[in-house]
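Novice: Here are the chains, one letter per residue:
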Amino acid sequence: MKFERKDLLGIKDLSREEIQLILNTAVPMKDVIKRDIKKVPTLRGKAMVTVFYENSTRTRTSFEIAGKYLSADTVNLAVSTSSVQKGESLRDTIKTIEVMGFDLMVIRHAMSGTAHYAARNTSMRVINAGDGQHEHPTQALLDMYSILESKGTLEGLKVAIVGDILHSRVARSNIYGLTKFGCEVRVVGPSTLIPPEVERMGVKAYYNLDKALKDVDVINVLRIQRERQEAGLFPSLDEYSNLYMLAQRHLENAKEDVLVLHPGPMNRGVEISSEVAEGSHSLINEQVANGVAVRMALLFLMMGGSKDEIAG
Amino acid sequence: MRLLVKGGRVIDPFNDLDQVMDVLIEDGFISDIGVNIDAVGAEVIDASAKIVCPGFIDMHVHLREPGFEYKEDIVTGTQAAAVGGFTAVCCMPNTQPAADNTSVIRFIREKAEKAGVVKVYPIGTITKQQAGKELSEVADLLAAGCVAISDDGKPVSGASVMRNALEYTKMFGIPVLSHCEELDLARDGEMHEGYHSTIFGLKGIPAAAEELMVARDIRLAELTGGHIHICHISARGSIELVRQARSKGVSVTCEATPHHLTLSDEILADYDTDAKVNPPLRSLEHIEALIEALQDGTIDCIATDHAPHHREAKDCEFKLAAMGISGLETAVAVIMDGLVHRGLLDAYDMVRLFTCGPAEILGLDAGTLGIGKVADITIINPEAVRSVDPDKFYSKGKNTPFKGKVLKGWPDTTIVNGKIVAREGSIV
Numbered sequence: 000m001k002f003e004r005k006d007l008l009g010i011k012d013l014s015r016e017e018i019q020l021i022l023n024t025a026v027p028m029k030d031v032i033k034r035d036i037k038k039v040p041t042l043r044g045k046a047m048v049t050v051f052y053e054n055s056t057r058t059r060t061s062f063e064i065a066g067k068y069l070s071a072d073t074v075n076l077a078v079s080t081s082s083v084q085k086g087e088s089l090r091d092t093i094k095t096i097e098v099m100g101f102d103l104m105v106i107r108h109a110m111s112g113t114a115h116y117a118a119r120n121t122s123m124r125v126i127n128a129g130d131g132q133h134e135h136p137t138q139a140l141l142d143m144y145s146i147l148e149s150k151g152t153l154e155g156l157k158v159a160i161v162g163d164i165l166h167s168r169v170a171r172s173n174i175y176g177l178t179k180f181g182c183e184v185r186v187v188g189p190s191t192l193i194p195p196e197v198e199r200m201g202v203k204a205y206y207n208l209d210k211a212l213k214d215v216d217v218i219n220v221l222r223i224q225r226e227r228q229e230a231g232l233f234p235s236l237d238e239y240s241n242l243y244m245l246a247q248r249h250l251e252n253a254k255e256d257v258l259v260l261h262p263g264p265m266n267r268g269v270e271i272s273s274e275v276a277e278g279s280h281s282l283i284n285e286q287v288a289n290g291v292a293v294r295m296a297l298l299f300l301m302m303g304g305s306k307d308e309i310a311g
Numbered sequence: 000m001r002l003l004v005k006g007g008r009v010i011d012p013f014n015d016l017d018q019v020m021d022v023l024i025e026d027g028f029i030s031d032i033g034v035n036i037d038a039v040g041a042e043v044i045d046a047s048a049k050i051v052c053p054g055f056i057d058m059h060v061h062l063r064e065p066g067f068e069y070k071e072d073i074v075t076g077t078q079a080a081a082v083g084g085f086t087a088v089c090c091m092p093n094t095q096p097a098a099d100n101t102s103v104i105r106f107i108r109e110k111a112e113k114a115g116v117v118k119v120y121p122i123g124t125i126t127k128q129q130a131g132k133e134l135s136e137v138a139d140l141l142a143a144g145c146v147a148i149s150d151d152g153k154p155v156s157g158a159s160v161m162r163n164a165l166e167y168t169k170m171f172g173i174p175v176l177s178h179c180e181e182l183d184l185a186r187d188g189e190m191h192e193g194y195h196s197t198i199f200g201l202k203g204i205p206a207a208a209e210e211l212m213v214a215r216d217i218r219l220a221e222l223t224g225g226h227i228h229i230c231h232i233s234a235r236g237s238i239e240l241v242r243q244a245r246s247k248g249v250s251v252t253c254e255a256t257p258h259h260l261t262l263s264d265e266i267l268a269d270y271d272t273d274a275k276v277n278p279p280l281r282s283l284e285h286i287e288a289l290i291e292a293l294q295d296g297t298i299d300c301i302a303t304d305h306a307p308h309h310r311e312a313k314d315c316e317f318k319l320a321a322m323g324i325s326g327l328e329t330a331v332a333v334i335m336d337g338l339v340h341r342g343l344l345d346a347y348d349m350v351r352l353f354t355c356g357p358a359e360i361l362g363l364d365a366g367t368l369g370i371g372k373v374a375d376i377t378i379i380n381p382e383a384v385r386s387v388d389p390d391k392f393y394s395k396g397k398n399t400p401f402k403g404k405v406l407k408g409w410p411d412t413t414i415v416n417g418k419i420v421a422r423e424g425s426i427v
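The listed protein sequences correspond, in order, to chains B and W.
Taking numbering that gives the first Met the number 0, the leading residue of the first sequence gets 0, the next gets one more, and so forth.
Taking numbering that gives the first Met the number 0, the leading residue of the second sequence gets 0, the next gets one more, and so forth.
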């Protein structure tokens with residue numbers, strides 16, 4: 000099976016088979032990362048560019064190193080020093096990049112729908128590395144990969160996503176991916192941060208953390224941003240932490256072998272305690288490592304390598 | 000000069016008329032309406048299988064001139080209107096400078112008379128510079144030719160200002176056209192708040208942002224005895240408020256747009272900025288309420304809120320894109336295809352909503368086909384099938400979410416002052 004899409008804009012429209020293909024392809028990629036010589040020639044002669052209109056540590060670096068391990072030429076457009084600062088439109092920026100000959104663009108943008116806009120306006124392949132509050136498909140893929148690696152299956156797992164669901168692209172992409180694989184997904188957070196009609200997405204919404212965590216196999220904790228408090232969505236970070244910070248005692252409610260995920264960067268002591276973040280249930284570091292493997296798989300599938308080249 | 004419109008289904012709701020007849024036009028006026036009129040030597044328009052109506056009136060149009068001629072001007076805007084089947088439009092005052100003084104109103108009227116293709120009735124501002132503070136000189140504006148006042152696009156936030164506007168206009172017998180939006184609640188909103196805003200990750204505008212202001216304005220109309228007209232009504236709750244108020248005898252009217260009647264928020268899945276509009280496209284339950292209100296007469300007229308934009312204002316990130324739809328050239332076809340041909344609205348009622356509906360709200364001597372009346376006539380071909388091609392628009396605004404759609408039922412001929420100004424999508 001080949002990945003037939005020009006772009007990866009979200010998890011919503013992917014079939015279960017397509018997701019499975021990406022996750023399967025990530026397995027040999029992880030082996031490449033573990034090798035002494037971390038380089039395969041698969042994407043030699045291919046060029047990719049990361050265009051990040053929002054700050055990022057792990058996602059951008061992860062895409063870059065994933066491309067490099069596969070021998071693609073990778074360039075990072077530093078938006079803060081680019082012509083964007085001179086008022087260049089997104090469309091012109093994309094066109095400029097395109098005519099330089101890049102095969103693939105990875106874009107992150109603070110506004111929902113911008114990856115769709117980019118994809119419509121270029122012949123380059125486009126990967127959405129997070130668009131506003133819409134989707135962050137590679138984060139969901141690496142979360143699913145990490146859960147799958149630990150649990151062996153996704154089918155029937157109970158997964159709680161905790162925090163600011165309203166503004167979270169990670170939550171949306173995870174909901175789409177996990178529900179396609181038969182997980183029971185719960186979202187929990189203050190009522191002001193639960194989006195309207197969220198249960199139509201096939202999840203159950205909770206306001207009470209203890210109830211939401213009852214018997215769960217996985218807890219995915221979202222980052223809470225200070226500006227949400229400033230926008231009046233909750234009274235204070237202290238009150239938020241009192242109600243929703245994942246602490247050791249909450250884990251007793253969950254399954255014994257519960258996994259704790261966080262997409263990073265973490266606000267320790269706000270949405271997650273250090274004890275939990277560093278504890279035995281935490282998969283947070285594995286997530287980052289798996290992120291490279293999953294992105295290698297995607298780049299490989301989208302820029303046209305064949306699977307045999309990796310196996311050797 | 001004599002022109003005979005022959006054998007069409009003549010619908011004139013103002014006169015309770017719906018019958019196959021001929022209409023004879025002489026020297027710009029209607030001289031006869033009847034079956035098989037014999038008019039030797041007259042130019043004949045074969046209207047068989049077509050609908051012959053009083054000239055359509057669009058009471059909510061942004062012609063953009065003066066100040067924003069790169070978006071639209073009086074020539075292109077009235078051309079678009081003519082091709083779209085309208086013989087008259089009312090233009091909103093959010094120009095640069097705003098139409099808050101007689102020189103702008105006179106400029107619009109003179110330019111429209113000289114170069115416009117259809118009739119233009121200017122609307123003045125409610126407040127000076129649309130700042131929401133001091134009332135405009137309403138009597139002066141009316142003397143210069145305004146037909147109503149509105150701060151469309153910049154809702155009047157202060158209740159006392161709106162109260163005074165309604166109180167003051169009462170003595171002139173004109174409506175205050177209100178863009179109902181509670182700005183604090185709608186702030187930064189990109190689309191209707193609901194399931195689809197959740198899915199698309201776009202900031203929602205709750206229906207309550209409109210309903211709150213509709214409720215306020217209705218209460219103020221009740222308090223003052225003024226006439227409030229709700230622009231581009233879009234929410235179920237607003238409809239209920241209008242219905243209740245009317246049953247109590249409050250002087251309230253309202254308009255709905257073709258896009259709010261036929262498109263739901265779901266079409267934003269591809270983040271098409273041409274479907275970004277204020278008020279936002281709502282969910283199905285709201286659309287159902289609007290259609291019901293069209294059928295039972297709660298909605299008084301259909302108006303386009305024609306809001307042409309320059310390409311750059313739409314060809315960008317969704318959040319940054321301007322709100323608005325270029326509506327003049329698709330309105331009739333959208334209503335014919337989406338409502339009339341689907342059995343949701345009688346052709347008769349459609350004609351009422353485009354003719355005597357708006358004329359009555361504004362007190363215009365138009366919207367009917369009486370003998371001796373000025374010959375402003377719209378002929379519709381209900382069977383014509385065409386696709387929407389914005390590149391062929393006369394409007395400078397190509398921003399339409401209907402692009403590429405194949406629609407059935409188009410304006411065929413537009414007659415203004417007895418002259419054919421547009422035919423089958425082209426200016427004559």
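For the record, the hints were derived by calculation from the structure and aren't laboratory data.
Note that the structure is predicted; figures quoted are calculated from it, not measured.
Cβ atoms here follow ideal geometry from the backbone N, Cα and C, with glycine treated the same way.
Mixed in with the good hints there might be a few duds.
What the hints assert, rightly or not - Some chain B residues well away from chain W (every beta-carbon gap over 10 Å; in silico):
| id | residue |
| --- | --- |
| 1 | 40 |
| 2 | 81 |
| 3 | 88 |
| 4 | 102 |
| 5 | 108 |
| 6 | 116 |
| 7 | 131 |
| 8 | 134 |
| 9 | 154 |
| 10 | 195 |
| 11 | 196 |
| 12 | 197 |
Unchecked claim - In the DMTMM-like style, the derived pairs of lysine to aspartate or glutamate whose C-alpha atoms are separated by at most 25 Å in a straight line are:
| id | chain 1 | residue 1 | chain 2 | residue 2 |
| --- | --- | --- | --- | --- |
| 13 | W | 318 | B | 196 |
| 14 | W | 397 | B | 87 |
| 15 | W | 402 | B | 12 |
Novice: Any Cβ of chain W at or closer than 10 Å to residue 197 (chain B), or is the non-interface label fine?
Specialist: violated, 6 Å
Novice: Would residue 195 (chain B) pass as off the interface with chain W, using Cβ distances and a cut of 10 Å?
Specialist: About 6 Å separates residue 195 (chain B) from the closest Cβ of chain W, which leaves it inside 10 Å; violated.
Novice: Would the pair residue 318 (chain W) and residue 196 (chain B) pass a check requiring their Cα atoms to be no farther apart than 25 Å?
Specialist: The given pair, whose Cα atoms are some 22 Å apart, holds under the 25 Å limit.
Novice: Need the status of pair residue 402 (chain W), residue 12 (chain B): alpha-carbon distance at most 25 Å?
Specialist: holds, 24 Å
Novice: Given the hint that residue 397 (chain W) pairs with residue 87 (chain B), test it: the Cα-Cα distance must not exceed 25 Å.
Specialist: holds, 23 Å
Novice: Per the stated criterion, does the least C-beta distance between residue 108 (chain B) and chain W lie above 10 Å, as a non-interface residue requires?
Specialist: Its Cβ does come within 10 Å of chain W, the nearest being 7 Å, so this is violated.
Novice: Far enough from chain W: is every CB of that chain over 10 Å from the CB of residue 154 (chain B)?
Specialist: holds, 24 Å
Novice: Should the label of residue 131 (chain B) as a non-interface residue stand, given a Cβ cut-off of 10 Å to chain W?
Specialist: Since the minimum Cβ distance to chain W is about 5 Å, residue 131 (chain B) lies within 10 Å and the statement is violated.
Novice: Would you assess whether residue 116 (chain B), listed as outside the interface, keeps its beta-carbon beyond 10 Å of every beta-carbon in chain W?
Specialist: violated, 6 Å
Novice: Far enough from chain W: is every CB of that chain over 10 Å from the CB of residue 81 (chain B)?
Specialist: Correct as stated: the minimum Cβ-Cβ distance to chain W is 16 Å, above 10 Å.
Novice: Does the claim that residue 134 (chain B) lies outside the interface with chain W hold up, using a Cβ gap greater than 10 Å?
Specialist: The claim is violated: residue 134 (chain B) sits with its nearest Cβ about 7 Å from chain W, within 10 Å.
Novice: Does residue 40 (chain B) sit more than 10 Å from chain W, CB to CB?
Specialist: Since the minimum Cβ distance to chain W is about 37 Å, residue 40 (chain B) lies beyond 10 Å and the statement holds.
Violation of the numbered hints given earlier is confined to hints 3, 5, 6, 7, 8, 10, 11, 12; the remaining hints are satisfied by the structure.
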